[in-house]
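> Taking the hints into account, I'd like the entire structure generated from these sequences.
Protein sequences, first through last, are from chains A and B.
Quick note: the first sequence uses the numbering used here, first residue 426, plus one each step.
Quick note: the second sequence uses the numbering used here, first residue 6, plus one each step.
It cannot be assumed that every hint is accurate.
As the list claims (entries may be wrong) - Taking CB as the label site, the calculated pair distances span:
1) B:Arg589 <-> A:Ala462: 29 to 39 Å
2) B:Ser45 <-> A:His561: 46 to 56 Å
3) A:Ala462 <-> B:Ser45: 54 to 64 Å
4) B:Glu582 <-> A:Ala462: 17 to 27 Å
5) A:Gln593 <-> B:Gln71: 41 to 51 Å
Said to hold, decoys possible - Below, a list of computed lysine to aspartate or glutamate pairs in the EDC-like style, where the Cα atoms sit at most 20 Å apart:
6) A:Lys485 <-> B:Asp592
7) B:Lys575 <-> A:Glu532
8) A:Lys485 <-> B:Asp727
9) B:Lys418 <-> A:Glu531
10) A:Lys435 <-> B:Asp727
11) B:Lys754 <-> B:Asp766
12) A:Lys525 <-> B:Asp635
13) B:Lys95 <-> B:Glu187
14) B:Lys744 <-> B:Glu267
15) B:Lys575 <-> A:Glu507
16) B:Lys278 <-> B:Glu760
17) A:Lys485 <-> B:Glu581
18) A:Lys435 <-> B:Asp583
19) B:Lys637 <-> A:Glu532
20) A:Lys475 <-> B:Asp593
21) A:Lys485 <-> B:Glu585
22) A:Lys540 <-> B:Asp727
23) A:Lys435 <-> B:Glu581
24) B:Lys288 <-> B:Asp583
None of these hints come from the bench; they were simulated from the model.
For glycine and all other residues, C-beta sits at the position ideal for the given N, C-alpha and C.
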Amino acid sequence: MSLTMDCVAKLKILLLGESGVGKSSIILAFTKGDYQAQFPATIGVDYNHKIMDVNGLKVKLGIWDTAGQERYRTLTTSFYREAHGAILVYDVSEPKTLAKLNEWVEELQVYTTNKNIVCLVVGNKIDKDRAVPREHGQAFAQKHRMLFIESSAKTQEGIHLAFEELTQKIIETPGLWEKDTSASNIRVTEEEAREQGGSCYETTCSIK
Amino acid sequence: MNEEIDEYDIYHQDFTTVSEWEVFVARIEEVLIDWRLSKSTMVKHSVENHAKKWFTKSEEISYQGQKFTLSYNYMNCKSKPESTEESSDKSLLVEIQDGLWEATTRFMDDSDESPFPVSNWFGLKQYLMLYPNVALVEGSLIKLVMSSLNIAFANVDCGVPLFVKIREHWQHTYLGFYEDNEYKISFDTIHLKRISNQCSHLTGLVGLFKSKIASPVALDAVVVSTKFSYELKDLDAFAWGQQTQSNEFLSIDGFDVKKLIELPFGCDKNPTKSVLLNAIWPKFRECTIVESSTFSDIDPLMAPTWTLTLKMRENINFQLSELIGKVMELLDNSYLLMDTLGLSKSLGLVNPLNKITEAPITISKLVKAAMGHGRHTSEFKGPISDELLMPLLYYIFPDAVEDGTHIYPPDLKMEFKQDGNGSKLCSYVKSSPEDCLVWRLSVTAAKLHDAGGLSYLAHLWYEFIQELQYRWEMQIPVPGIAEGTPNARTCLLHQKLQLLNCCIKRTIEGNVNTTGHSSEEEFFDCSEGEGAEEQPPWDRPVGRLHRLGEATLKNGAPLYVPRTQDPAPKTEDQLEEDAELMVRLGDDAKASELRARMMSASLLSDMEAFKAANPGAELCDFVRWYSPRDWKSDDGGALGERMLLPGNPWVEAWNVARPVPASRQRRLFDETREAEQILHFLRSRTVSGVAELLLPAIIRAGALRATQEGAIGSSASVGGVDARRTFEIAVRELYEAEKEACRMLCRRKVLGGGEEGQALDAAERARVLRAAGGVLPAVARREFTLRVRDATAPQLMRAALADDITIVGAFTERIVCL
Ligand SMILES: Nc1nc2c(ncn2[C@@H]2O[C@H](COP(=O)(O)OP(=O)(O)O)[C@@H](O)[C@H]2O)c(=O)[nH]1
Ligand SMILES: [Mg+2]
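What follows is the structure, given as structure tokens:
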């Protein structure tokens, strides 16, 4: 293990949810530690990245920001393929935004190509007056078997933890990701054919 | 050493005199430490019983120009976090000793799936193996290597038995040892091509065993297990009834397409070489049974246990694996497939700068057949005869003929299970709906390639594209493809065909609209004032779809949702390109802005359509429809704060947008260009590129076949590896499935449903004996395991005698401390 410590995994993360719930702000908070009270509405899809350390493993997160508007659905869903994780964001000061998440859950089911994509539900803007009790968000996450966390892009609360938990979970999910080197979990070993008088060698793959 | 140390020498160290041998030892130590195999650093492992599986770590080491592979082989175990206490010397030794004793319940020719037989012989759960890439035969070199290992082992205080493979590789001779403060275990192997007199029988072997044990052994203390094996060959009971498939269809007339395109499965000849009848005496004292050079008590009919083992023929051809293997080989061929037919030039593929539209367009074979002049034209003639080719093409494009024998299932859908449990064999290979056109094409291609080589494959591919070309020109959708825009969960070839169908459908729709005049809006409103200004007058709304509820514009007029252009459907390789471009732009604000601009094409198009449908509209009206959460109802409508930011791309786009209905805008999706590109893409593939397009469906069809033959689903989950690697894993899995299916078939035939290695009951013993003709042949192989627990530890010796003899031993001695 120690020999392959510095190899980097690349993970693709999606941010989904109604427009204005703070997706772009969460990404800005996470990647730059910054916050802007006024931030232009995302057009279509945007991209950011950050390198993260998980269990001594360097992981490159490619983070795809999406526009939440109805009209952008076709465009944004075409970027879902091969995502390892999705962050579903709602605004704790606006109950409708949580209800709307159902639509993205359905879309994820249709458009993701990884069967065991890991999802995290984020209740954002907890610095504001709350209109959605935490339990509602939790119940939603539980129903769909997703991770759950509350955050504020404004105060940075929960932002790092959100990405950490998601990444950790992805790393723990077998068959979802792959180290970015030839050192994969499929090992090809030169195995001796131990048949009678076998002087030939056989290559076998064992899949963890 | 020089006594007078020069002043300068203090600051210099010269390592050039370090011997190669020291480097060798140091390197072994380094690897052992790196793998954390010192007794003090080892984590206590507990082997999980249910799924024993071997894992290997390995490193290359060289010494005297000779390459070695040092490997650490261990059974899958779960590290117990609770018992983090360091594994003591004692527990490591006890584990090895217990293993030795346990090993005697198995025989030397059993397999425990580990890379080397030593673990099965000695019951080891983990061991180190130094494997010389060139056989180690020279005595002095073996000694040198052994002493290097001894030193490295002691320096590191290694906690895992260490072996080296010596002699010719086929002799399976291993020397090994394990040591702690008190005990040393030596693992020895002797292999003799001819059996010496002393070792040829039990009595002699017991004598040899006793002489090897240092401490005196009580009389009759040695416990023996014995297995005598008799090879039963060529028995009617083991005959083979498997159908083999041949490529005969190439010469017979009156083809049955179904036969032609069926994937073969299983062995082409009886895979059973022989059946071994094993007569086993699991445990007796050395004196109970006598077997010496002059006399033998051994009567197989009296043995307490009989078992059967199948011996499979080596080099059996598994038909499916062979067929797929041939396609896999194509992955290394980077020539254009059309070169195989000498067509690259005439298809305009040689010079990539040639415009694709210059490719000559020839009519599809199917059309010509329908028009009744199939073979009279002097155009390209491929290697496959029309008699063979036509039924195959009708099978792939069944809608070209009216008999409807091979029509596609009506509702082709991709199943996609969310949970990974009970997944199907090779389901990680992204494919297309079962029995869709891609499957038929791919399987047919594989069969033709198997039968006639690359030129047959190329010919089919050529005809396939000709037919696509024709369909594109005539606007006939491709059959057997799932509805809708390219589905990223299907393989690339399927996506390409979905996209081609999108192009065809859009063209058809476009034609209907321009000729039909049925829609309430004119697409080419050449009404008043021919040649007048392009834009419709401000007061005349165009391209309205419907009203947006009760909503009104800021100026009070009703707000209409415009007709809009759908975004361009794309296949995964195109999406990949888009994504790559976006990633490459980087991370700063500027890049973000560029990306926003890239993404703005459809925003602008929507804004223009909106302006056309709602004369006099403002941005806030547009936002009310488009991004309602950025719209405020204050005084008839206002923009949310983030829409008011200076330099905001929304405002910028609004300012440049002209009122143009979708029908008159530049197409976001240029179906002609797309279709031509798809056809060019398919034509210009290399051999490996075509193989890559075909393999998913070939593999999945093969997996389906294997499943029908009783293969069970896989537990493999494959993520993130490239396409080729995925294919390799899948092909390997199919191979195993095919092999296992053959074995199972043999077992059914020979063992009548019983398990290999299972003790036979009286009736079965009688049946086997009858099948053997009442008498057993001369014994083919004898095996003895001798064991005793003396004052020191368990001592073990095993011998397998056939034409040659292998004797292995594990002897423990107390290290005498002076
Ligand atoms: N108070 C508060 N405002 C936030 C927070 N996160 C985002 N916002 C604001 O909500 C608005 C929309 O945020 P944005 O990130 O553009 O949302 P997006 O459309 O989901 O990407 C912006 O004005 C942000 O400043 C938060 O945690 N607290
Ligand atoms: Mg945004």
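> Hint by hint, say whether it matches the structure.
Okay, the hints, checked on the actual structure:
A beta carbon spacing of about 31 Å between Arg589 (chain B) and Ala462 (chain A) agrees with the range 29 to 39 Å that was offered as a hint. Here the CB-CB span from Ser45 (chain B) to His561 (chain A) is close to 53 Å, well matched to the stated 46 to 56 Å. Between Ala462 (chain A) and Ser45 (chain B), the C-beta spacing of about 58 Å keeps the proposed range 54 to 64 Å intact. With their beta carbons about 36 Å apart, Glu582 (chain B) and Ala462 (chain A) fall outside the hinted range of 17 to 27 Å.
A beta carbon spacing of about 45 Å between Gln593 (chain A) and Gln71 (chain B) agrees with the range 41 to 51 Å that was offered as a hint. A hinted pair counts as satisfied when its Cα atoms are at most 20 Å apart, and Lys485 (chain A) with Asp592 (chain B) qualifies at roughly 13 Å. A C-alpha spacing of about 17 Å is found between Lys575 (chain B) and Glu532 (chain A), which places the hinted pair at or below 20 Å, so the restraint holds. Simply put, Lys485 (chain A) and Asp727 (chain B) have alpha-carbon atoms about 18 Å apart, close enough for the 20 Å limit, and the pair holds.
With a C-alpha separation of about 17 Å, the suggested pairing of Lys418 (chain B) with Glu531 (chain A) holds against the 20 Å cut-off. In summary, the hint linking Lys435 (chain A) to Asp727 (chain B) is supported, as the alpha carbons are separated by about 14 Å, within the 20 Å threshold. Among the hinted pairs, Lys754 (chain B) with Asp766 (chain B) is consistent with the structure: their alpha-carbon atoms are about 17 Å apart, no more than 20 Å. For a cut-off of 20 Å, the pair hint linking Lys525 (chain A) to Asp635 (chain B) stands: about 16 Å separates their Cα positions.
Taking the CA atoms of Lys95 (chain B) and Glu187 (chain B), the gap is about 10 Å. The hint holds against a cut of 20 Å. Annotation: proposed proximity of Lys744 (chain B) to Glu267 (chain B) holds, straight-line Cα distance about 19 Å (limit 20 Å). Only pairs whose Cα atoms come within 20 Å are accepted, and Lys575 (chain B) paired with Glu507 (chain A) is accepted, the gap being roughly 15 Å. Of the pairs offered as hints, the one joining Lys278 (chain B) and Glu760 (chain B) holds, with about 18 Å between alpha carbons and a cut-off of 20 Å not exceeded.
A C-alpha spacing of about 18 Å is found between Lys485 (chain A) and Glu581 (chain B), which places the hinted pair at or below 20 Å, so the restraint holds. A C-alpha spacing of about 18 Å is found between Lys435 (chain A) and Asp583 (chain B), which places the hinted pair at or below 20 Å, so the restraint holds. A hinted pair counts as satisfied when its Cα atoms are at most 20 Å apart, and Lys637 (chain B) with Glu532 (chain A) does not qualify at roughly 28 Å. For the suggested pair Lys475 (chain A) and Asp593 (chain B), the alpha carbons sit about 12 Å apart, so the restraint of at most 20 Å is met.
Pair hint Lys485 (chain A) plus Glu585 (chain B) holds up; C-alpha atoms about 15 Å apart against a cutoff of 20 Å. For a cut-off of 20 Å, the pair hint linking Lys540 (chain A) to Asp727 (chain B) stands: about 17 Å separates their Cα positions. Between Lys435 (chain A) and Glu581 (chain B) the CA atoms are separated by roughly 15 Å; this keeps the pair inside 20 Å, and the hint holds. A hinted pair counts as satisfied when its Cα atoms are at most 20 Å apart, and Lys288 (chain B) with Asp583 (chain B) does not qualify at roughly 71 Å.
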